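*Asks:* Make the full structure from the sequences, and use the hints.
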Amino acid sequence: MEDHSELFEKYINGNLSKEETEVFESKLTADPSFNEAFKVYGLLVDGIIESGKSSLKKELVAHEALSYPSTKKSYFYQKIAASVLVVLALSALILNYSASKDYEAIYADYYEPYPNIIDPINRSIDYNDYSIYQQYELRNFEEIVNKLTIKAQENILSDAEKFYLAQSQLVLKNVDLAILNLKEISKESNFYLAAQWYLALAYIKTEKYEKAESLLDQIIDQKEDFSKQAEILKNLL
Amino acid sequence: MNSREKAFFELLKSGKEDGVIKVYDTFRAEFIQWCMKDFSTREADAADLFQDSVIALYYNIRNERIQELTSSLKTYLFAIGRNLALKKLKKESRMIVNDEILALSKAIVVDDSLEDNDKKRVIADLMNELGEPCQSILKLFYFHNFSMDAIASRLGYKNEHVAKSQKLRCFNTLKKLTLSHFNAEDI
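Heads up: the sequence lines are chains A and B, in that order. Using the working numbering, the first residue of the first sequence is number 1, and each one after it goes up by one. Using the working numbering, the first residue of the second sequence is number 1, and each one after it goes up by one.
Please keep in mind that the hints were generated in silico from the structure rather than gathered at the bench. Because the structure is a prediction, the values reported are computed rather than measured. All C-beta atoms, glycine included, are put in the ideal place defined by N, C-alpha and C. Hints should not be assumed to be uniformly reliable.
Stated by the list, open to error - BS3-like cross-link-like pairs, simulated, lysine-lysine; straight-line CA separation at most 30 Å:
1) A:K39 / B:K6
2) B:K176 / A:K39
3) B:K175 / A:K173
4) A:K39 / A:K27
5) B:K176 / A:K57
6) B:K119 / B:K158
7) B:K176 / A:K27
8) B:K164 / B:K37
9) A:K208 / A:K173
10) B:K16 / A:K58
11) A:K173 / A:K147
12) B:K88 / A:K10
13) A:K58 / B:K88
14) A:K39 / B:K74
Stated by the list, open to error - Residues of chain A placed beyond 10 Å of chain B at every Cβ, according to the derived structure:
15) S17
16) G52
17) K53
18) K57
19) E59
20) P113
21) Y114
22) A160
23) E161
24) K187
25) E207
*Replies:* See the structure below:
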């Protein structure tokens with residue numbers, strides 16, 4: 001197929017003269033291959049625009065998740081001793097969700113991006129020297145995914161890097177990829193328990209409810225971090 | 001339009017990276033409260049609608065669909081939000097939304113896009129296979145509507161001609177990927 005994209009761009013942007021426009025339009029009617037090329041061009045441009053909107057949407061979703069977390073019901077990572085309140089809230093939540101089992105809503109209410117606990121931003125250092133974790137704090141999720149995915153291909157990711165890669169993928173809604181990375185975090189890692197919790201949430205998001213339930217059971221049995229939240233969540237499924 | 005709103009409009013028009021976030025943070029609370037009250041949505045759904053409305057506003061301004069606002073930026077943003085909320089409610093059948101009302105609403109807010117469209121989504125997915133710098137260059141040109149000169153400067157190309165050649169190569173690669181995915185009748 002001959003390349004006419006520059007001509008198509010000029011036509012769409014109204015940059016052809018009156019005579020050129022007339023020639024263009026009569027060619028569209030008379031020449032089927034030219035007409036087809038124009039349709040393909042339009043489709044490609046629409047797809048690129050859709051891709052641009054989708055990227056911006058991901059940025060805004062990430063901004064919303066990190067800048068406005070106050071509406072979420074559970075702040076699991078704050079590890080506050082709120083068990084009494086949680087149990088009280090639980091009965092209300094069970095009543096609320098059990099009517100329709102809205103798994104998407106359950107995920108939305110329980111999913112909260114994990115904070116950067118490795119090396120919080122120190123304003124005195126130069127932006128270019130920020131670590132992956134500081135970039136995470138700055139919500140540069142796509143950049144983190146790009147960098148760590150390259151590193152992952154060489155099999156040199158630490159458990160912490162796998163964890164924050166998965167976190168970034170969850171924010172960007174690449175849940176299946178996040179699952180793969182979360183599953184790879186070793187039992188010896190400090191991030192193991194948190195990874196199990198996020199894995200359970202990711203299973204809910206991807207509608208693998210049996211896997212989610214089984215994992216929540218394991219978290220509950222361990223009686224460590226996240227077991228309270230897991231118990232509540234399990235009762236909602 | 002007051003001077004603060006005019007400043008926001010110019011910020012979005014300029015395509016500066018922090019413009020969208022500033023607009024987001026400024027109007028979020030009021031929009032979400034309004035959306036929850038008027039359309040009985042949950043907060044998460046209101047936030048979703050707000051994001052789509054901000055994107056539509058940004059796209060329309062950057063692509064000169066709105067060259068100057070005849071009403072305030074907030075009015076325009078909320079009108080887009082209203083249109084999207086009505087569509088969403090209609091889709092969910094939670095509210096009987098007369099087509100006439102929807103058409104009227106559309107007429108008020110112009111095209112807010114973000115419609116479901118399988119082909120567009122497939123091509124958007126194919127964009128992921130392109131990698132960099134193609135993704136950035138195509139999005140900067142076709143979505144953000146930056147000039148080739150501005151793209152050359154942002155992405156570190158020697159001049160606009162080099163950036164333009166690269167854009168053409170990227171576009172053709174995407175075309176090949178697309179044509180191998182669809183047959184002629186599909187298009």
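*Asks:* Now look at each hint and say whether the structure bears it out.
*Replies:* Hint-by-hint comparison with the structure:
{"no.": "1", "hint": "A:K39 / B:K6", "verdict": "violated, 38 Å"}
{"no.": "2", "hint": "B:K176 / A:K39", "verdict": "holds, 14 Å"}
{"no.": "3", "hint": "B:K175 / A:K173", "verdict": "holds, 26 Å"}
{"no.": "4", "hint": "A:K39 / A:K27", "verdict": "holds, 13 Å"}
{"no.": "5", "hint": "B:K176 / A:K57", "verdict": "holds, 27 Å"}
{"no.": "6", "hint": "B:K119 / B:K158", "verdict": "violated, 35 Å"}
{"no.": "7", "hint": "B:K176 / A:K27", "verdict": "holds, 23 Å"}
{"no.": "8", "hint": "B:K164 / B:K37", "verdict": "violated, 48 Å"}
{"no.": "9", "hint": "A:K208 / A:K173", "verdict": "holds, 16 Å"}
{"no.": "10", "hint": "B:K16 / A:K58", "verdict": "holds, 18 Å"}
{"no.": "11", "hint": "A:K173 / A:K147", "verdict": "holds, 17 Å"}
{"no.": "12", "hint": "B:K88 / A:K10", "verdict": "violated, 36 Å"}
{"no.": "13", "hint": "A:K58 / B:K88", "verdict": "holds, 20 Å"}
{"no.": "14", "hint": "A:K39 / B:K74", "verdict": "violated, 36 Å"}
{"no.": "15", "hint": "S17", "verdict": "holds, 21 Å"}
{"no.": "16", "hint": "G52", "verdict": "violated, 3 Å"}
{"no.": "17", "hint": "K53", "verdict": "violated, 5 Å"}
{"no.": "18", "hint": "K57", "verdict": "violated, 6 Å"}
{"no.": "19", "hint": "E59", "verdict": "violated, 8 Å"}
{"no.": "20", "hint": "P113", "verdict": "holds, 15 Å"}
{"no.": "21", "hint": "Y114", "verdict": "holds, 19 Å"}
{"no.": "22", "hint": "A160", "verdict": "holds, 25 Å"}
{"no.": "23", "hint": "E161", "verdict": "holds, 21 Å"}
{"no.": "24", "hint": "K187", "verdict": "holds, 33 Å"}
{"no.": "25", "hint": "E207", "verdict": "holds, 18 Å"}
In the structure shown, a violation is registered for the earlier hints numbered 1, 6, 8, 12, 14, 16, 17, 18 and 19, in ascending order.
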